[in-house]
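Chemist: Listed below are the residues making up each chain.
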Amino acid sequence: MRRKKQRRSISPRTVIKQIVCVVLSIIVLAPLYMVVINSFKSKAESARMSLSLPTEWFFSNYSIVFEQGKLLQGFFNSILYAGVSTSIAVLTCAMAAFVLSRKSNKVNKGIYFFILSGLFVPVNYVTLVKLLTTFGVANTRMGLIIAFTSSMIPFCVFVIRNFISTIPAEFDEAALIDGAGPLTLFFQIIVPLLKPVLITVFILEFMGVWSDFMTPLYLAGSSSMYPMNLAVYNFFGKMTSNWNYVFADIVLTSLPVILLYLVGQKYIVGGLTSGGVKE
Amino acid sequence: MNKRKVYPQWFLVIPLVLYVVFFLAPSLLGIIYSFTDWNVRSIKGINFIGINNYIEIFTSNKDYTLGIFNTLRFALVSNVIKLVPALFLAILLNENLKGKNIYRTIFYLPAIFPFLIIGLIFTSILNFKTGLLNTTLGFLHLDFLQQKWLTDLGVVWNSIFGVDAWRGIGYCMTIFLAGLNTIPKSYYEAASIDGANPVHKFFYITLPMLSSSIMINLVFGIAYGLKVFDIVYVLTNGGPGHATEVVTTYAYQLYANGKYGMSSALNTVLFVVTAVIGVLVVKVMSKQEVQQ
Numbered sequence: 001m002r003r004k005k006q007r008r009s010i011s012p013r014t015v016i017k018q019i020v021c022v023v024l025s026i027i028v029l030a031p032l033y034m035v036v037i038n039s040f041k042s043k044a045e046s047a048r049m050s051l052s053l054p055t056e057w058f059f060s061n062y063s064i065v066f067e068q069g070k071l072l073q074g075f076f077n078s079i080l081y082a083g084v085s086t087s088i089a090v091l092t093c094a095m096a097a098f099v100l101s102r103k104s105n106k107v108n109k110g111i112y113f114f115i116l117s118g119l120f121v122p123v124n125y126v127t128l129v130k131l132l133t134t135f136g137v138a139n140t141r142m143g144l145i146i147a148f149t150s151s152m153i154p155f156c157v158f159v160i161r162n163f164i165s166t167i168p169a170e171f172d173e174a175a176l177i178d179g180a181g182p183l184t185l186f187f188q189i190i191v192p193l194l195k196p197v198l199i200t201v202f203i204l205e206f207m208g209v210w211s212d213f214m215t216p217l218y219l220a221g222s223s224s225m226y227p228m229n230l231a232v233y234n235f236f237g238k239m240t241s242n243w244n245y246v247f248a249d250i251v252l253t254s255l256p257v258i259l260l261y262l263v264g265q266k267y268i269v270g271g272l273t274s275g276g277v278k279e
Numbered sequence: 280m281n282k283r284k285v286y287p288q289w290f291l292v293i294p295l296v297l298y299v300v301f302f303l304a305p306s307l308l309g310i311i312y313s314f315t316d317w318n319v320r321s322i323k324g325i326n327f328i329g330i331n332n333y334i335e336i337f338t339s340n341k342d343y344t345l346g347i348f349n350t351l352r353f354a355l356v357s358n359v360i361k362l363v364p365a366l367f368l369a370i371l372l373n374e375n376l377k378g379k380n381i382y383r384t385i386f387y388l389p390a391i392f393p394f395l396i397i398g399l400i401f402t403s404i405l406n407f408k409t410g411l412l413n414t415t416l417g418f419l420h421l422d423f424l425q426q427k428w429l430t431d432l433g434v435v436w437n438s439i440f441g442v443d444a445w446r447g448i449g450y451c452m453t454i455f456l457a458g459l460n461t462i463p464k465s466y467y468e469a470a471s472i473d474g475a476n477p478v479h480k481f482f483y484i485t486l487p488m489l490s491s492s493i494m495i496n497l498v499f500g501i502a503y504g505l506k507v508f509d510i511v512y513v514l515t516n517g518g519p520g521h522a523t524e525v526v527t528t529y530a531y532q533l534y535a536n537g538k539y540g541m542s543s544a545l546n547t548v549l550f551v552v553t554a555v556i557g558v559l560v561v562k563v564m565s566k567q568e569v570q571q
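Quick note, the sequences are listed as chains A and B, same order. Using our numbering, read the first sequence as starting at 1 and increasing by one per residue. Using our numbering, read the second sequence as starting at 280 and increasing by one per residue.
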């Protein structure tokens, strides 16, 4: 009934567009669906990797993976790395971006572009390991956090500075007349105004650390320091024929970022807008 | 207002120090070490060996040059493959289409997954015998399209580009959508009155107005492409043979084998390439900054 009603008002162009979107949605969702559904199957059944429902549901796959995959440890490592390094980077870069934007003299412009060029620089992990050894933090969680924090500075400064330039400097003057110092001004006046961009950068960089594979591959000396995705990769190496376990592991590892995405969706898209397109 | 007091320079100290010491310095140190024989056995000392490492990179039979070529090609091709469809999708979803917000969410979804996870998922999907792609093609009676996606020399790069596009198109699309949002509708209306057709509107309004979104997509896309590692490492680990090796996978192998000097030399080659491109881009951006 409803279809018939709609058909009259729908142009062929719209139909084609809808078909394109539906087909693309299937291409995006089918692999994800396959992972979820196969994570509940037996070893033999999951090896076929079909899209059909399991003949018997093996919820136990998840508890097995949870125990053998060292997921909890990986989870806490990932939370530690992503949480601490992103917090430090966002906060200190906001302070730096504030000064770089407000006092845009020749020196600070130079510093800004000097930092910006880091958007391109590939990290040289070989020498980074040596440097961390010199500072006595190689093969430690501290070393990993330092590495993560340092590598996200260009992006943080870039996006936050773009945003600050849209906040009128009159706010600063008003605060100063009230007798505020630079720290009070920054934390009580500027930070609340920056809240949307700070949340955006936090989410994007948090997810970036969560996904980072190369940094821990070079820098995490022992498996007790592995973040979640390195633990998964290790687990995959041991379990190549047990796709049901691998898929369950993948689901558990992806869950935190999916939740973060759903909660912070508007900030991600908004962030790509403010960081990406300067008006 | 006393700018020196209100905007103290020490606000810059922490990020600047971290950036210089733990981000830039390793790359610069890497340049120095690339001229040495530094390796896992050099306990007594490291010797300068001039440009020997570079000679080995460009003349040895170990296909390092192929890795460099592959990296450059990936940076170029993967971006074209992602940006063109992403632009059309963005235009499509910027119009009044039923369910466009759901589609936007779905298309962006792959971008949130770690590359490693996506690599593992597609290792399964691209499996020749049991993978979802070949079984689907069989089901649709398109058997002639079935391939050895990850082991056939002629196909493997297309598989990598495909997986990369699967993850990245939605991300690029979102940036384009943000740009499209800023184009006033009145421009299109005025163009219609002047008798412009959709093609004219695309080339004379949409594209020029999107220049900053295109720029951002290119900047992040090329930076990502030159540094690509995860997806190649997980999908093919450089194979079959050395066909899909890129600079970063070679650099990691050399590091794992204790050849630190060689690894640094390869990293330095990558550093120089990205630096040249980066300087060009930053120049363009600082010009824009002046104009504003």
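Keep in mind the hints are simulated off the structure, nothing from the lab. Check before you lean on any hint, since a few could be wrong.
[What the hints assert, rightly or not] Now the stretches of chain A that chain B is said to cover, found in silico as 3 or more residues with beta-carbon under 8 Å: (1) 29 to 37; (2) 94 to 106; (3) 188 to 195.
[Unchecked claim] If the Cβ cut is set under 7 Å, some of the chain B residues that face chain A in the computed set are: (4) P287; (5) I293; (6) P305; (7) F392; (8) I400; (9) F407; (10) L549; (11) V551.
The beta-carbon is built from N, C-alpha and C at its ideal position, and this holds for glycine as well.
Chemist: Quick one: which hint numbers does this structure break? Sort them smallest to largest.
Modeler: 3, 9, 11
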